[in-house]
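Number of protein chains: 2
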Amino acid sequence: MLWLAREVALISLALGVCAIGYALLLAFRNLRQPEGSGRMVEIAGFIKEGAKAYLKRQYTVILTIAVIIAVLLCFISPRMALSYILGALSSVLAGYVGMWTAVNSNVRTTYAAEKYGMGKAFRIAFNGGMVMGLMVVGAGTALISLQFILYGALYGAADAIRDMVGYSFGASTVALFARAGGGIYTKAADIGADLVGKVEAGIPEDDPRNPGVIADNVGDNVGDVAGMGADLFESYVGAIISTMVVAATAIRLSSHSEWTNWALYPLAVAAAGIIAAIITSFVVRVGKGGDPSKPLTLASIIAAIITAVIAYPFAVYTLGSDVGVRAFLVVVAGLAAGIVIGLTSDYFTNKGKKPVRKVAEMSQMGAALTILSGLSYGFLSVVIPAIGVALAEMISYLLLAPYGFWYGIYGVALAAIGMLSLTGIVVSADSYGPITDNAAGIAEQAGLGEEVRAITDKLDAAGNTMKSISKGFAIGSAALTALAFLAAYASNISAVTGLNLHTVMKLLSILNIKVLTGAIIGIVVPAAFVSLVIMAVSDAAFVLIAEIRRQLREKPGILEFKEKPDYGRAVAIVTTYAIKRLVAPGLLALLAPIVVGFIFGPYALAGMLLSAIVTGLLLGLFQGNVGNTWDNAKKLIEEGLFGGKGSDTHKAAVIGDTVGDPLKDASGPSLNIMIKLMSVVSLVLSTIIVNYNLLKLLGI
Amino acid sequence: MLWLAREVALISLALGVCAIGYALLLAFRNLRQPEGSGRMVEIAGFIKEGAKAYLKRQYTVILTIAVIIAVLLCFISPRMALSYILGALSSVLAGYVGMWTAVNSNVRTTYAAEKYGMGKAFRIAFNGGMVMGLMVVGAGTALISLQFILYGALYGAADAIRDMVGYSFGASTVALFARAGGGIYTKAADIGADLVGKVEAGIPEDDPRNPGVIADNVGDNVGDVAGMGADLFESYVGAIISTMVVAATAIRLSSHSEWTNWALYPLAVAAAGIIAAIITSFVVRVGKGGDPSKPLTLASIIAAIITAVIAYPFAVYTLGSDVGVRAFLVVVAGLAAGIVIGLTSDYFTNKGKKPVRKVAEMSQMGAALTILSGLSYGFLSVVIPAIGVALAEMISYLLLAPYGFWYGIYGVALAAIGMLSLTGIVVSADSYGPITDNAAGIAEQAGLGEEVRAITDKLDAAGNTMKSISKGFAIGSAALTALAFLAAYASNISAVTGLNLHTVMKLLSILNIKVLTGAIIGIVVPAAFVSLVIMAVSDAAFVLIAEIRRQLREKPGILEFKEKPDYGRAVAIVTTYAIKRLVAPGLLALLAPIVVGFIFGPYALAGMLLSAIVTGLLLGLFQGNVGNTWDNAKKLIEEGLFGGKGSDTHKAAVIGDTVGDPLKDASGPSLNIMIKLMSVVSLVLSTIIVNYNLLKLLGI
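Residue numbers (the numbering used here), protein chains in the order written: chain A, 1 to 700; chain B, 1 to 700.
So here's chain A without its partners, still in its complex pose (with noise of 0.2 Å):
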């Protein structure tokens, strides 16, 4: 006995809700707690008001952009606008909140480890997390189900899902904006703090004599909570909507009679993963002087399992048994390559092995050698996570293949979803970061002494390793997500075109000149976004340090604490130039597919795409590892190895960690977002591109 699609929307719908609603909880939970007082209340308030008013700039941009994309995308399908401009704000609203409540929780975050220490500290750091990670997972499973519902009603489910695609599209849109404008931010911020405070005035990070200090504090909130959950939000969108749009473009032509229930599958696991994450974070506790790096190790591990619990009743409940244990293992296989992709990242980024113990090592001999051993680790840690995801990618198809050739292409996408199936988690985890970041700069901003600073660093260190496994999860699970809108990109051209899809396929042949060309001219968009956004970073972080620079040459006061920096100045700077920067890249990514589609034609656009994945993924994965092992070549250092905090080596490393910082935290991570961005916008237009060419080919 199958379950009925409706009832399985119905579930995740219920359980989207429960998220959102225990989120919110959460939300006023932390609310609740004591934010302190005087000082650091006072610095909590900057840092507050320099998010809201970035956020509120750069989202107005954002949706201006959107706004004219969803009239536009009203000639296609005012349904698809529609749903496009909810995505949108689906995004928004995934951002705001989890920067709304990471600006909250920092502050009371300081507070509760001065008063309570460790454990109530941690508490409430995480909960601020969960609140980002339920949001994520509650409101995508939740609008994607209700629109399923709705649609489906009024238009049947195969329209519904078409249209569908603009919720995924909208999320794509914002989040690609978002990360390369939060990650402008940030870096530059970082960049020019740092630079200018630790290396030449030699004030220790976050001091309050550094003007620069209040607009990092801010980068940390824009950047990697609003930018980092809106660019999980999409991958996790994009997985669910990729899965069904599959199953409703292919399986629904070799006439299965239950593919609205495959189609309905991914917010089947998307469930599970909700139920996973809600136990999960009771589990989540540390105590007094414990060590807040395992509980979070701890809860992936729980909640894997969880999942994976959940999910097999749930495959065999709407697949039926058969099918259903397949694509439970495909499920399996997505998470375990999610897993090794992770394990892989904390590897080569880790205190405790081989990579970052070398790279500090090797910066004795000066910040040429740090660097050039972080890219030889940063390019070798791309080995195991390329071959994990080709692996997952090949059984998951072969899993279901053997129903036919579009059940195998459903199987890749369902492995993405498998390997997202931890987002709540996930998610959290990695807002715990910022939150713990934050409260450690308080600390340092409002002299609260060593005592607190050594349980607020604490925090923060242990939100490290989760944030290299967040980012395997995402580069890998958009390659697998791609190829599946590359896949319905392909069967939608032998839709419009009449022609088989053998014939299709064929045409789609590498030995195609078109797809060759393609192939080559596919390299430049990676490549020129990459540029944009590390030439932003760089452009703002050297008007910054003029910046600080010029105060601290000014006033001289301030080093001496008798004159008061101007933080507002350096905010603005920052705010003006990652509002200016962040539009660039983000229209590469839409308008190169337009190009070349309508240039060089559906063919030659596959190509394109088919190389910005394989290159999205080598430049990804590639700069979010070796970003990673900088920073913590770095640290290993302040621990005292190889001279020390202060010493030419540290001074080495120092160099290292601020290459390494927009390409963790800004270029790198907004590639994931950028190739599904890129298929996204292919999928939606194909129907005009193909007829565009098929006209020019008749001479019309």
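Identical chains blur together in the list; that is why a pair holds if it fits in one copy or across any two.
Straight line, CA to CA, 27 Å or less: simulated DSS-like cross-link-like pairs of lysine-lysine:
#, residue 1, residue 2
1, Lys564, Lys52
2, Lys358, Lys580
3, Lys353, Lys580
4, Lys354, Lys580
5, Lys635, Lys351
6, Lys294, Lys354
7, Lys580, Lys56
8, Lys354, Lys645
No wet-lab data here; the hints were simulated from the structure.
Got chain A; can you put chain B on it based on the hints?
Here is chain B on its own, set in the frame of chain A:
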């Protein structure tokens, strides 16, 4: 009236022999020049000795590997094995002759600069470069023609060409190991000597007090001359043979009566290039106080025009007037794309242009911004060349595709020949660089005074633009050549399986899960390759720095010219590391296609090749340009900008330069060889791989 195939082969054989003869003439003429006396000769002797000793060890290791491969190749075809050994030996010869001329010309250039001034010094250095350039094109053209004539007479043209793939394979094998080994040597020595010498001890470049100075000078010869020569020899031979192979495997199948003429047209273009190079060599002159960069640029332009003028009648005589014009246009398109790539490289690496200037400016804020802005421009520099390659590939295809699919693919291969038709003059100008670099080093170490040093420095600076242009040619043509090999590989799958080409094309669809799996795994090889090479350079530099620091610490008299440094130990350290670490990256490129072919099958292997081509193009262009941008930013600052030599800005720029060194001269240029080696291995083994997988399918 068409020429007969044998006539074309004889013409190119004759011109190849002419080139070799002229090269020998120039070599002897240079040898007859006085080499000075005293300290100069002593230093030149050290360099000569170190370079010979290293190359002897390097080629012993490489030829051992080559012999093993040749023995295995005997199982496929003994004649192919013979060609393989011939290709390997040709490459060794090209490298060795280049090194030999360079180590004899450097000191003579210095002496001429001292005695006669700019004009004569330039002449000697340029003639030294010409020896290398003419040997590369002469030996390549003559030996390919000779093999065609001999094998062809004995076994027929088609079998002859099939076996001659071994020649390209042999050249690629040696080139990859030699590029990696030479690159590791030269860059480790360069970094080690520079970091301690310039940055720590504050002594100028090439100062005799630096214990690493001889190792650094040796590196120029074994890396930038011998390694580069083997590299461009491989490109040249690969382009010619890939075009012949396409003609032989495919145009033959379409039973074109004149297919042997198609197969030999590449040799006609090569012959045109040789004529152009010889004529041009008479034009290149520089006056006593003149600027040596002008004649080099002029030489390329004149060579391009002469080549084009001669290639036109050759096309008509070889292919007939109708199609000849189209083939000629393909050559021009390739040439144009090569020039576009070169000019783009020049823009991004020229001291007078914005990128270099901005990187220098950013260096005022510390090394982190030097690196970040450089990375940004490096990625941006990929955009135009990639589009250039894509357009050249598509236009070349479309020009000949009206005659059939394989004619189109032939066009793609031919475009690479157009790009490489300037090889003679480009290699000449490119080898000129290290000779003048060495000459400057000898002048400094022998204490020849400001005036001589000014001339040698000016000579040295002129070589840089040519260097970046030649790198652009190498990587751009590599993508086209590798695509041609990929097509030949596909045609071989069709021949072995008995499937018609349409079916094979469908199986090579980007929707085939095997192709996708291979494409994702394909990013692993370039990434791991780059990682291994950079790591080898860092490790060797690390040990060398420790050694130099030890010498300066234990013998404080060195810095006061009272004690002699132990140059030999530095040379020995770098030699040992380079020999030990050149094996792994080379084997990776050799074995990866075999592993993927046997485990995942021939379609996954095709996907892997495509992915390696695009990521190799991306990383190759990026690394080549970024290194030169940093190099020239440093030089710009040394001219007095932003604080000049010795300032903090300069120190930051030196770090950038050092990071760029192995990227631009070791890992970057190796990638173009790597993608061809991978394609040629796949082509040679395609029959075995397909049969193995067929047997596996049958369960045998």
